[in-house]
Structures are given as C-alpha cells and as structure tokens.
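These protein sequences, in sequence, are chains A and B. Note that UniProt numbering gives residue 55 to position 55 of the first sequence, counting from 1, and the numbers run on in steps of one. Note that UniProt numbering gives residue 105 to position 105 of the second sequence, counting from 1, and the numbers run on in steps of one.
Read the hints as simulated data drawn from the structure, not as lab findings. Glycine included, every Cβ here is placed at the ideal spot set by N, Cα and C. Careful: at least some of the hints might be erroneous.
[Claimed, not checked] Pair ranges (Cβ atoms, derived):
| id | chain 1 | residue 1 | chain 2 | residue 2 | range |
| --- | --- | --- | --- | --- | --- |
| 1 | A | R102 | B | G122 | 42 to 52 Å |
| 2 | B | D136 | A | R110 | 40 to 50 Å |
| 3 | A | T117 | B | G53 | 40 to 50 Å |
Here is how the chains run, residue by residue.
There are 2 protein chains.
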Amino acid sequence: MKAETGTAGAAQADPACSERLPLAAQDGPVSMTISRVARLHRIAAGKVLKGLGLYPGQEFVMMHLWDAGPVRQSDLIKAVDLDPSTVTKMLQRLEQAGHVRRRPDPDDRRAVLVEATDASCGLLTEVRRSWGDLEDHTLAGLDPAERAELARLLGRVETNLCVETADCPEEAARRAALRR
Amino acid sequence: MKAETGTAGAAQADPACSERLPLAAQDGPVSMTISRVARLHRIAAGKVLKGLGLYPGQEFVMMHLWDAGPVRQSDLIKAVDLDPSTVTKMLQRLEQAGHVRRRPDPDDRRAVLVEATDASCGLLTEVRRSWGDLEDHTLAGLDPAERAELARLLGRVETNLCVETADCPEEAARRAALRR
DNA sequence: GAGATTAACTTGGTCGGCCAAGGAATGCGC
DNA sequence: GCGCATTCCTTGGCCGACCAAGTTAATCTC
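Generate the whole structure from the sequences, applying the supplied hints.
What follows is the structure, given as structure tokens:
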C-alpha cells in the first residue's frame, strides 16, 4: 500500500544480502519484529473495526462494558489500564457516537457511571466475529501446537514487560500473573 | 502504575475463576495478548528512549537515517513504511530538536534530502544499547531455542498480517518475505 | 511545446495515547 | 467541626498515526 511499484531507487539497495536490520537494531531483532507485528496487527484490527463504527482502541473499552455492565469510570480505567484522560476523551466520543451512556453516580458525586447502550450491544456479536477472524488471519498456517507455543511465549514476554513498566515490581508481577 | 492498591471494588470480580478474557475476545486470545504486549513494549521502548530525547516511533526513522545517510524523503517514507504526512511532521520535530537536517534536492526541486546530524550520530550507540537492553528485558527467561522459536512464529504472523494489509497480496508477500 | 498525469511533499483534521495541572467531592485525622 | 490528603474526573498540550485534499514540480503524451 505504501511501497508500491518498488522502483524506489538506490536507498533500499540490499548490499550483498547480509543484514536487513538497521545497525542500531541489530541487538534487538525480536523487538523489531514485535514493533512491526504490533503495527500490522493494530492496522488489521482497525480496518475490520472501522466497518463497525469503532476506532482502534475503543474495542477494549466496549468489550469491558459489555461484560461488566454499568461501571464506575475509575473501575473501567483500571480494567483497561489506560490513562484517565485517554478514557475520558474516548468516552466522550463513544457517547457522541451512541455506543455508550454516562450518568453521574448517585452515591458519589465525583464519579461517573458508564454503560454500553442497547444499540451497541448489537455490535458485540460482530466484534466477536471480527476478532475471531483477525485471530484466524493472524495465526494462519500455524498448527495448534505452534499457536499454543506462541501464546505461551507471548505470555512470558508480557510478564517480563510488565515488571519494568510498573513502578512496583511486585504489583506488576501479580497483575501479569493474573492474566495468564 | 495505574492499578494501584487494587481494592478496586467489585468491577473486576473474578466470578469463579473461569475467563479473564472479555466475552467478545474469547475467539481471539492471542490477538489480545499481542495487543497488550505491543502496548507494553512500546511503553518500555518509549521510557528508555525518552532519556535520549526521542519519542517512540522516531527511533525507526533515525535508525534508517544512520544507516543510509542522506536520503530522499520519499525513500525514507518507503523504508519505514509510514504515511507521508506522519513522516513530514515527525521530521519537522526531529529537525527542530536538532537530530536531523533537511535540504532541498538539487536534482529534483520537489524532493527533500534528509540526513542525521552529526550530533545525533552520538545517539546511535546509546540507542543500540538501549535497544539491546530492551531485547534482553523482553526475552528474559527464554532460552535460545525459545527465542528462536518466538522469532520464527512472529515472523510468520508478520507475513500473515502483511498479506491482508496491503491491497496487493503479491506485493505484500514479497515485502514480507524480504524482511525475513 | 501545451496539456494531462504522476510524483513529492505539506496542511488540516481526527483519534489513540501520554503527562501535567486543575477543580470538585469525599474521607481522614484530630 | 476543620483542614488536609485522596480520589475522580476534566482540560490542555503534545506526539505518533491515519486520511483527505491541496500545491508544486517533474514527466509523459500527443
């Protein structure tokens, strides 16, 4: 889509056939692949979600709302583990799009209760199907054993990345473990 | 960092102990993990890069510039495979930050030549080191065989995702194959 | 060589993300 | 009860990323 006819001149000259990896990235080939896969995966998800009226990232919020019903916004924020401001703005857009309803919490005048609209619940099935299609496409050509192994390894990577990300290793490890 | 003391109320009530995965995502567990790993990995990369004066995403542009020297912007765009407008704005910021120099191409008055500044070249080593650290951290606890397997599987996933992303499957497959 | 096409950016808009800072309500200590 | 810290959410700013549209220059066509 970006790289078209590929007569692109000399920049991509593969000298010999040695290293396709940038010099500065040679100590991190897997990290490089993760980055690329991440982007491709997000694009693929976004493409399929666009047809449903969702932007990439919103899926996770909606998924939690479908599961949990009316939730305090702060709980939602903890569930999806995003910055509060990110969630606020996303919810404003989701509300305007009619996917979400918000109302003040009668028990706590600071808090806001969020829930998926009835209309949006129709999306659940389609999102689930799309998500399944994405999975199929992502894992095409991998047999069950390979899929399991990939899941295992990615799980381990997730745990690894969690520990450093969080300021409190213990807590991060606990959370990472929970997801497994 | 976000999920703190975790007394978070009833929202995350693990009913029984069955599914930690949202209902709508149950057909795509690996996709879910990929999304989480992607975000964590980007955050980890961003954290380490911030100390070097780079924002996440800029690394890839700089890496290519360090390798390729002065390049036409259009070639750079093809190399990193991003939207032209994304690269334009990123370069404006990189230029203002002193990491990059831009000048018109004498041979083509439409085009712009981009190169890393001498100052930025000092970053190469540090970025490489950081990238290596990130790799170590990401793959901690995996033995060489597991790392190789993960790389192989991710490569396959990348190929899979490439085909659908591009409008021309042939071209995408070719490009995907090139990266392996 | 004039006219249409294509290539190479740029600008403006929108979203997802983050950080920093602020305002409002609650809860705690005393 | 009063004050101070916490919690909850919002706003503004910034950056990466996309799309759509527009501008300028090269190129192709006749």
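Each hint tested on the structure:
1. A:R102 to B:G122: 42 to 52 Å: Cβ of R102 (chain A) to Cβ of G122 (chain B): about 49 Å, so the range 42 to 52 Å holds.
2. B:D136 to A:R110: 40 to 50 Å: holds, 43 Å
3. A:T117 to B:G53: 40 to 50 Å: Holds: the Cβ-Cβ distance is about 44 Å, inside 40 to 50 Å.
Figure legend: structure checked against the earlier numbered hints; every hint is met.
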